[in-house]
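*Asks:* Next come the chains, spelled out residue by residue.
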Amino acid sequence: MELLPTTVIGSYPRPNWLKHALSLYRRGKIGESELESAMDDACKLVLKEHELAGVDIVTDGEMRRDEMVEFFAERLEGYRFYGDVRVWGTAHYNKPAAIAPIRYKAPMLVSEFSFARSCTSKRVKATITGPYTLADWSYNEYYGSKREFVMELAHVVRQELRNLVSAGADFVQVDEPALPTHVNEIELAKDGFNEAVRGVDAKTAVHVCYGDYSVMLPYLNEFNTSQFALEFANRRFSDLELFKQSDFKKELGFGVIDVHNRRVETQEEVEHGIKLCLNYLEPDKVYVNPDCGLKLLPKEIAFQKLVAMVNGTQKVRSQLTRR
Amino acid sequence: MTLQATVLGGSPHGVLMKYRQMMHEGKISEEKYLAKLEAQTGKFIRFQLRLGVNPVSDGLLEWDDLFAPYCRGALAGAERGSLIRFFDNNVYYRRPVITAKLRLNSPVSSSTLMRALNYAAPGRFKGFIPGPETFVRLSEDKYYQSADAFVLDVAQVLREDLSYLIGKGVGAVEVFDPSLSYASSERLTLLKPIYQDFIRGFEDKTWIALPYFWPRREVIDWLADVGLTTVCPDFSPTTFHSGDNVNDFLGTLAALKRWLSELSPLTRQMGFILGLTDSRNTLVEQASYIRDAVDAAVETGAKVRGVSNNGTLDLLPESVAFKKIRVLAKAAKSWSGGER
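Order-wise, the sequence lines are chains X and D. When we follow this note's numbering, the leftmost residue of the first sequence carries the number 1, and every step to the right adds one. When we follow this note's numbering, the leftmost residue of the second sequence carries the number 1001, and every step to the right adds one.
Some clues are possibly wrong.
Going by beta-carbon spacing under 8 angstroms, a handful of chain X positions derived as facing chain D [said to hold, decoys possible]:
1. D84
2. G89
3. Y139
4. G211
5. H260
Please keep in mind that the hints were generated in silico from the structure rather than gathered at the bench. By construction, the Cβ of each residue, glycine as well, lies at the ideal position given by its N, Cα and C atoms.
So that you can see chain X by itself, here it is in the shape it has in the complex (with noise of 0.2 angstroms):
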């Protein structure tokens, strides 16, 4: 592979046409067989977008999923949905509450991984969201210690994530936004993510974005991942000097775009944000990727973004290659 792979972190807008399809479905207009063609189809769209755009490791979009926790909670037994909750501005999701003991039921990911990686030659990285986010972004009113309630989703997502192994992935991105919240719980954070993973033969990432990094940088060595894919584009490209006084031995999934800002970013942009990361961790060490998911950005916008992330990159690793 090239220095500086570039990927995605998992979600991509939807086309206005799926979106359509939607609400034909959840009117009753058309059937689960329609719904599920439109899905498909916009999956080969966003992985041919992806692959457009020229990114190295791909993701379909996370097309079939309405909201990172909600796809998990509506899937596990034990959630109950009391309607939409603001996450701020207008995004917003339906916020699940724990109300029994949680259980694996069925595989959740695996079919929508399988189907990407039969419509793409590149490297597809599966997306999930982890234990401890799964538990944070979630009311409790059942179980009587944090832990437990972690811990047990933990085991929820090992057998997932044993199953998408099974299914040929190679590459999985546990998404852990929730991770630098409360700063007693980032040891329960860990050891939730730990658990998860346990046993799990794949190259694995932790994906965390819009929290204050100090308070996690001195955790994150003990985390049994080879990488951590970060927001910094929204920072201003600021906190990676932390990286480096904390002696971070893992690779950086390194946020060149901000996802929640219409303006594209410039290839000029994206090279500096690249370059002051270099300052800190060896290009070895690097991939890149925008902050988060996309999909709260209109559809062009995002793809423009894409290519601005691929041609920065580009235009440092033909530098890098020259020396």
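Dock chain D against chain X, hints included.
*Replies:* What follows is chain D alone, placed relative to chain X:
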């Protein structure tokens, strides 16, 4: 003795989120959005009035986050910055970026108040502003370069808002100030004269809300020393157990009783609005639990003025938030009526 039930912070934005999104996408006009905002504000205020909630809140339905109304033009010198997590909640805010000397162009609450007064008399309405320390702690300062000068100016501009609301005759103004909970002793010493000036003349109508942190005795003593007469501490299980055993009501009640039994002579004179219903978990409290907590508090000699949620209800689904308001109102009414 009469016990008030009141609502702290904002309410879930409900259907308004979809209208705002449609307006941003150009699918509906701003006029149509504002009509919906007006209707939803009215609905929320009427709901509280029917239950006997006093004072009522407008639900902060147009506030994207704690600072958005200030950073969208009302406050010269403040811009909207990067997206950051709001304390330890799964909610985010745009960090204010201070680029010039702060100056209030117009009171942030004027449009809110105009709308609210269509449904409630001014004395029945509770205004809302962020606290100076929270504003400073959660902002990025690129202008002042001196923490003292920065907080002084923030307190002055927020006082203008506070003064506007009180001048219009509102029943109370909630100052949402969680960051005070972790201010160091040295910081509190520095802040004392600034907060005294901030609330001067308005001591009786200014409530300081301290959500997301179990009350720190030093801070409550400090507030009493500053001259504040009403404080709204967070006595929820989520906060007591730092998000761990979030359904432990009995343990929380015992902790509340212990905490209030050790009030200093000065804080014993303060009024407490007890933040009892948990805005961070969906399990709905029993009215009997609220009444038991009030009984326990009164037994300690604390001056209990009312009961409320512990922080902004915007962290809950609308249906659950409304249930929690109903429970608060029911508990306050039955407690006041002598049901123990």
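*Asks:* With chain D as the partner, please determine if Y139 of chain X meets the hint condition of a C-beta pair closer than 8 angstroms.
*Replies:* 4 angstroms, holds
*Asks:* Min Cβ distance, G89 of chain X to chain D: is it shorter than 8 angstroms?
*Replies:* OK, holds: G89 of chain X within 8 angstroms of chain D, min 6 angstroms.
*Asks:* With chain D as the partner, please determine if D84 of chain X meets the hint condition of a C-beta pair closer than 8 angstroms.
*Replies:* 6 angstroms, holds
*Asks:* Using 8 angstroms as the Cβ threshold, decide whether G211 of chain X counts as touching chain D.
*Replies:* It holds, given that the least Cβ distance between G211 of chain X and chain D is near 6 angstroms, below 8 angstroms.
*Asks:* Quick one, is the H260 of chain X hint okay against chain D at 8 angstroms, beta carbons?
*Replies:* Holds - the Cβ of H260 of chain X comes within 8 angstroms of chain D, reaching about 6 angstroms at its closest.
Hint compliance for this structure: no hint is broken.
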